[in-house]
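Chemist: Residue numbers (numbering that gives the first Met the number 0), protein chains in the order written: chain U, 0 to 435; chain H, 0 to 114.
It should be emphasised that the hints constitute simulated quantities derived from the structure, not laboratory data. Using N, Cα and C, we set each Cβ at its ideal position, and we do this for glycine too. There could be a bad hint or two in this list.
Far from chain H by the CB rule (all over 10 Å, computed), these chain U residues [as the list claims (entries may be wrong)]:
1. A140
2. T161
3. Y384
Below, a list of computed lysine to aspartate or glutamate pairs in the EDC-like style, where the Cα atoms sit at most 20 Å apart [stated by the list, open to error]:
4. U:K38 to U:E59
5. U:K183 to H:D60
6. U:K183 to U:D55
7. U:K183 to H:E20
8. U:K183 to H:D89
9. U:K306 to U:E296
10. U:K38 to U:E296
11. U:K183 to H:D87
12. U:K38 to U:D158
13. U:K183 to U:D142
14. U:K306 to U:E249
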Amino acid sequence: MPGREPRQRRGEAGLEDVASRAAEAALAAERAARRSYGKLVAFLAARTRDVAGAEDALSEAFAAALSGWPASGVPDNPEAWLLTVARRRMIDAARRRHGDEALAVQLQWLQSLELIGEQQDETPAVPDERLALMFACAHPAIDAGVRAPLMLQVILGFDAATIASAFLVAPSAMGQRLVRAKAKIRASGIPFRVPGATELHERLAVVLDAVYAAYAEGWSDAGGTEARRRNLAEEAIWLGRLAASLLPGEPEALGLLALMLHAQARRGARRGDDGRYVPLAEQDTARWDAAMIDEAEALLHHAASMKRAGRYQLEAAIQSAHADRRRGGGTDWPAIVRLYDGLHALTGSPVVAINRAVALAQVEGEAAALHALDALAGDARLAQYQPYWAARAGLLARLDRHGEAEAAYELAIGLESDPVVREFLQARRASVAGSA
Amino acid sequence: MQYLLMLYAAESEAAQRTPDEMQARIAAYGAYTRALDEAGVLVGRDRLQPVASATTVRVADGKTEVLHGPYADTREQLGGYYLIDVADLDVAISWATRCPGASHGSVEVRPVWKM
Chain U
0 MPGREPRQRR
10 GEAGLEDVAS
20 RAAEAALAAE
30 RAARRSYGKL
40 VAFLAARTRD
50 VAGAEDALSE
60 AFAAALSGWP
70 ASGVPDNPEA
80 WLLTVARRRM
90 IDAARRRHGD
100 EALAVQLQWL
110 QSLELIGEQQ
120 DETPAVPDER
130 LALMFACAHP
140 AIDAGVRAPL
150 MLQVILGFDA
160 ATIASAFLVA
170 PSAMGQRLVR
180 AKAKIRASGI
190 PFRVPGATEL
200 HERLAVVLDA
210 VYAAYAEGWS
220 DAGGTEARRR
230 NLAEEAIWLG
240 RLAASLLPGE
250 PEALGLLALM
260 LHAQARRGAR
270 RGDDGRYVPL
280 AEQDTARWDA
290 AMIDEAEALL
300 HHAASMKRAG
310 RYQLEAAIQS
320 AHADRRRGGG
330 TDWPAIVRLY
340 DGLHALTGSP
350 VVAINRAVAL
360 AQVEGEAAAL
370 HALDALAGDA
380 RLAQYQPYWA
390 ARAGLLARLD
400 RHGEAEAAYE
410 LAIGLESDPV
420 VREFLQARRA
430 SVAGSA
Chain H
0 MQYLLMLYAA
10 ESEAAQRTPD
20 EMQARIAAYG
30 AYTRALDEAG
40 VLVGRDRLQP
50 VASATTVRVA
60 DGKTEVLHGP
70 YADTREQLGG
80 YYLIDVADLD
90 VAISWATRCP
100 GASHGSVEVR
110 PVWKM
């Protein structure tokens with residue numbers, strides 16, 4: 000039989016060769032996926048508003064790449080190849096649908112993509128519409144709780160189960176929320192567009208809040224022992240970088256990135272060698288990531304030069320003041336109190352007020368700080384907020400009001416979910432009890 | 000896309016308005032309708048009689064039930080609608096924001112499911 004011999008010969012060339020080609024193809028597909036997933040979803044969904052359809056088509060394209068590339072070799076331009084296949088899948092899917100008024104327009108547009116997908120000799124210009132996709136995901140019409148998960152899925156390609164575990168939600172519930180959000184984007188006509196100047200400020204804040212929510216979720220694992228949550232923090236930084244690079248003239252986008260980098264730089268120092276929790280004031284500055292802090296400082300400096308202050312810039316500035324300790328000098332507590340004042344005027348957040356009170360203790364003493372905390376006691380939300388009781392306990396202990404300090408620590412311990420932080424608080428309580 | 004702007008407001012408050020307030024409100028709606036019309040986005044609009052005039056019909060097991068009153072008793076009642084044709088949800092929201100009904104009640108924005 001003709002052709003039989005070469006096939007056999009190829010087999011003889013060894014399984015190793017086949018395996019390495021498969022591995023190479025898998026790696027190329029994975030690399031293309033990571034780099035271009037969000038870009039391809041954004042581009043394919045921008046016109047049709049069909050995020051789920053774009054994702055389905057792309058996942059088929061990636062599957063085709065993984066099965067086809069080991070034999071055909073990795074194409075010169077994997078991104079363009081994936082786009083072509085995904086586009087064809089979307090056309091097939093669009094043709095199968097009936098009674099869709101936008102069908103003709105969609106088909107026409109998908110077919111016009113031929114130009115991008117198949118002129119591989121030219122630099123392919125898949126326009127970057129990821130920012131527009133971020134604004135669609137964080138649209139005010141989308142349920143606030145699903146904005147961050149939606150971004151992680153459609154821009155970074157995480158599956159619902161991974162996102163669910165990072166957000167401590169049941170996978171089926173998360174999957175359902177994501178499906179509903181995508182259906183809402185499509186059915187309600189949420190545009191894929193960077194809002195105009197008049198709305199940009201307000202809408203960008205919503206996008207940044209969603210990115211920060213993802214970061215905070217990943218950060219809440221103090222020890223960084225849970226890989227999936229540490230990854231979540233890193234992916235949130237990636238989204239923050241994307242927003243900052245696409246909106247370089249928006250100081251709040253830079254401020255958020257600076258804030259996340261400052262926090263991330265201290266991640267490793269939050270645990271001692273023995274695994275115990277180390278509060279900021281006791282952290283070894285040598286264990287902070289200097290390069291990350293430098294980058295954060297440069298971003299914040301640049302943002303400040305634009306003279307449009309905002310929540311994230313102020314928060315980053317507070318972290319920057321703490322980071323100054325690495326230079327061996329002390330901490331400029333009066334400056335930190337002033338920054339918290341500005342932040343509180345902007346947000347009115349009781350959490351900010353607690354942090355301000357703790358900083359005030361360094362400037363005006365524990366009694367003044369405790370007085371400031373007393374003023375917040377009427378806020379019902381604080382009754383179950385661990386940092387409020389921990390801050391109170393710390394101040395009372397330093398004022399030698401041991402009995403009250405012990406009671407406050409007791410409440411803080413009862414409200415804490417992280418066992419390592421709980422141990423830290425228990426040790427503090429024990430030391431107060433010992434000196435009583 | 001077409002969107003239905005549904006205007007909800009408390010009918011009980013309408014009864015307490017002075018003639019001057021009533022006049023001002025009618026004028027505001029008139030101006031809003033003209034703006035929609037001039038922008039070329041207005042498809043249809045109307046005001047509804049109070050919910051006291053509503054009748055709800057339901058057929059179960061082949062039996063017709065005709066009930067006096069609205070389908071659901073709510074604090075704010077559907078009092079009118081605008082049907083508009085605009086590019087996307089953001090444009091629809093910006094029109095809903097300008098609707099006088101958004102200032103004295105709520106405007107629900109719903110995309111039309113074209114058959």
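Chemist: Each hint should be assessed against the structure and marked as holding or not.
Modeler: Hint check:
1. Distance to chain H contradicts U:A140 as a non-interface residue, since its nearest Cβ pair spans about 6 Å, not more than 10 Å.
2. Look at U:T161: its CB is around 29 Å from the nearest CB on chain H, clear of 10 Å, so calling it non-interface holds up.
3. Look at U:Y384: its CB is around 32 Å from the nearest CB on chain H, clear of 10 Å, so calling it non-interface holds up.
4. A hinted pair counts as satisfied when its Cα atoms are at most 20 Å apart, and U:K38 with U:E59 qualifies at roughly 16 Å.
5. Straight-line distance between C-alpha atoms of U:K183 and H:D60 comes to about 34 Å, which puts the hinted pair past the 20 Å bound.
6. Under the criterion of a C-alpha separation no larger than 20 Å, the hint pairing U:K183 with U:D55 is consistent with the structure, at around 17 Å.
7. Taking the CA atoms of U:K183 and H:E20, the gap is near 38 Å; set against the 20 Å cutoff, the hint is violated.
8. For the given pair, U:K183 sits about 13 Å from H:D89 by alpha-carbon distance, which is consistent with the 20 Å threshold.
9. Among the hinted pairs, U:K306 with U:E296 is consistent with the structure: their alpha-carbon atoms are about 16 Å apart, no more than 20 Å.
10. Between U:K38 and U:E296, the direct Cα distance comes to roughly 29 Å. Violation of the 20 Å bound is thereby established for this hinted pair.
11. Of the pairs offered as hints, the one joining U:K183 and H:D87 holds, with about 13 Å between alpha carbons and a cut-off of 20 Å not exceeded.
12. The suggested pairing of U:K38 with U:D158 holds, with an alpha-carbon distance near 17 Å, which does not exceed 20 Å.
13. Note on U:K183 and U:D142: the hinted pairing holds, with a Cα-Cα distance of about 10 Å set against a maximum of 20 Å.
14. Restraint check: the Cα-Cα separation between U:K306 and U:E249 comes to about 11 Å, which is no more than 20 Å; the hinted pair holds.
When held up to the earlier numbered hints, the structure conflicts with 1, 5, 7, 10 and fits the remainder.
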